[in-house]
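A.B. asks: Please work from the sequences and hints to get the whole structure.
There are 2 protein chains.
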Amino acid sequence: MFANTPAPPYFAVIFTSERAAGDNGYAETAARIVELASQQPGFLGMESARQEIGITVSYWQSLEAIKNWRGNYEHTLARQQGREKWYSGFKVRICKVEREYGL
Amino acid sequence: MFANTPAPPYFAVIFTSERAAGDNGYAETAARIVELASQQPGFLGMESARQEIGITVSYWQSLEAIKNWRGNYEHTLARQQGREKWYSGFKVRICKVEREYGL
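In order, the protein sequence lines correspond to chains A and B. In our numbering, each residue carries its 1-based index in the first sequence increased by 394. In our numbering, each residue carries its 1-based index in the second sequence increased by 394.
Don't take every hint at face value.
Just so you have them, the derived chain B footprint on chain A, three or more residues with Cβ under 8 Å [claimed, not checked]: (1) 408 to 418; (2) 430 to 436; (3) 441 to 448; (4) 461 to 469.
Below, a sample of chain A positions facing chain B; criterion: calculated Cβ distance under 8 Å [to be verified]: (5) Phe396; (6) Pro400; (7) Val451; (8) Tyr495; (9) Leu497.
Rather than coming from a laboratory, the hints here were simulated on the basis of the structure. As the structure is a prediction and not an experimental result, all values here were calculated from the model. Every residue gets a Cβ at the ideal spot worked out from N, C-alpha and C, and that includes glycine.
C.D. replies: Below is the structure:
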């Protein structure tokens, strides 16, 4: 359930979103996008939860890996649908993870 | 609901956690800790959701602000209780936010 990330530095994409009403194909596409992301070179893991807002954090080896994933065709189509019908709002934050610890 | 963060760079703490069984004072302390964090110098906002795992991302002006918050007495006591009884596991990742965009 936790992403099993390596020692920093690595990169994180924090995607915070508010869903618009109705499924409109969201669930099916979201599952497909997770599957596709996890097959991308440089993908390190993903963590996700949704209540009032959804937070999905994906972890990547490099900014190059993030850029390549962004260029993926199915992912690009999904982002268009996201803007048009699935989300009433979202934020994407690209981060460099500098330190990690845990229990 | 979304943190209204300024133009990057700024910093993020991604706290991913799995709750242990029982409340044991968790809800009350969690609310207090959010209240305290939001009063800290350099605090920029917070986003949170919990399903199977919980993800809380807090945003900060500087690493110094994160360090000062970490030194807060009530926060330190809460983290001890977290390790002892509230969480079966967690990860903390300290990040520099380099780019942000959204809808």
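A.B. asks: Work down the list of hints and note, for each, if the structure agrees.
C.D. replies: We went through each hint and held it up to the structure:
1. A stretch counts as covered by a chain when three or more of its residues have a beta carbon under 8 Å from one of that chain; for the region 408 to 418 of chain A and chain B the count is 3, and the coverage holds.
2. Counting residues of the region 430 to 436 of chain A whose beta carbon lies closer than 8 Å to any beta carbon of chain B gives 0, which falls below the threshold of three, so the coverage claim is violated.
3. Three residues within the 8 Å Cβ limit are the bar, and the region 441 to 448 of chain A against chain B gives 8, so the coverage statement holds.
4. Check result for the region 461 to 469 of chain A against chain B: violated, 0 residues qualifying (beta carbon to beta carbon below 8 Å, three or more required).
5. The interface hint given for phenylalanine 396 (chain A) is met, as the beta carbon of that residue sits about 5 Å from the closest beta carbon of chain B, less than 8 Å.
6. A least Cβ separation of about 12 Å between proline 400 (chain A) and chain B goes past the 8 Å threshold, and the interface hint is therefore violated.
7. Because the closest C-beta pair between valine 451 (chain A) and chain B is about 6 Å apart, less than 8 Å, the hint holds.
8. At about 6 Å, the closest approach between the beta carbon of tyrosine 495 (chain A) and any beta carbon in chain B falls short of 8 Å, and the interface hint on this residue holds.
9. Annotation: leucine 497 (chain A) was flagged as interfacial toward chain B, and the flag holds, the nearest CB pair being 5 Å apart, inside 8 Å.
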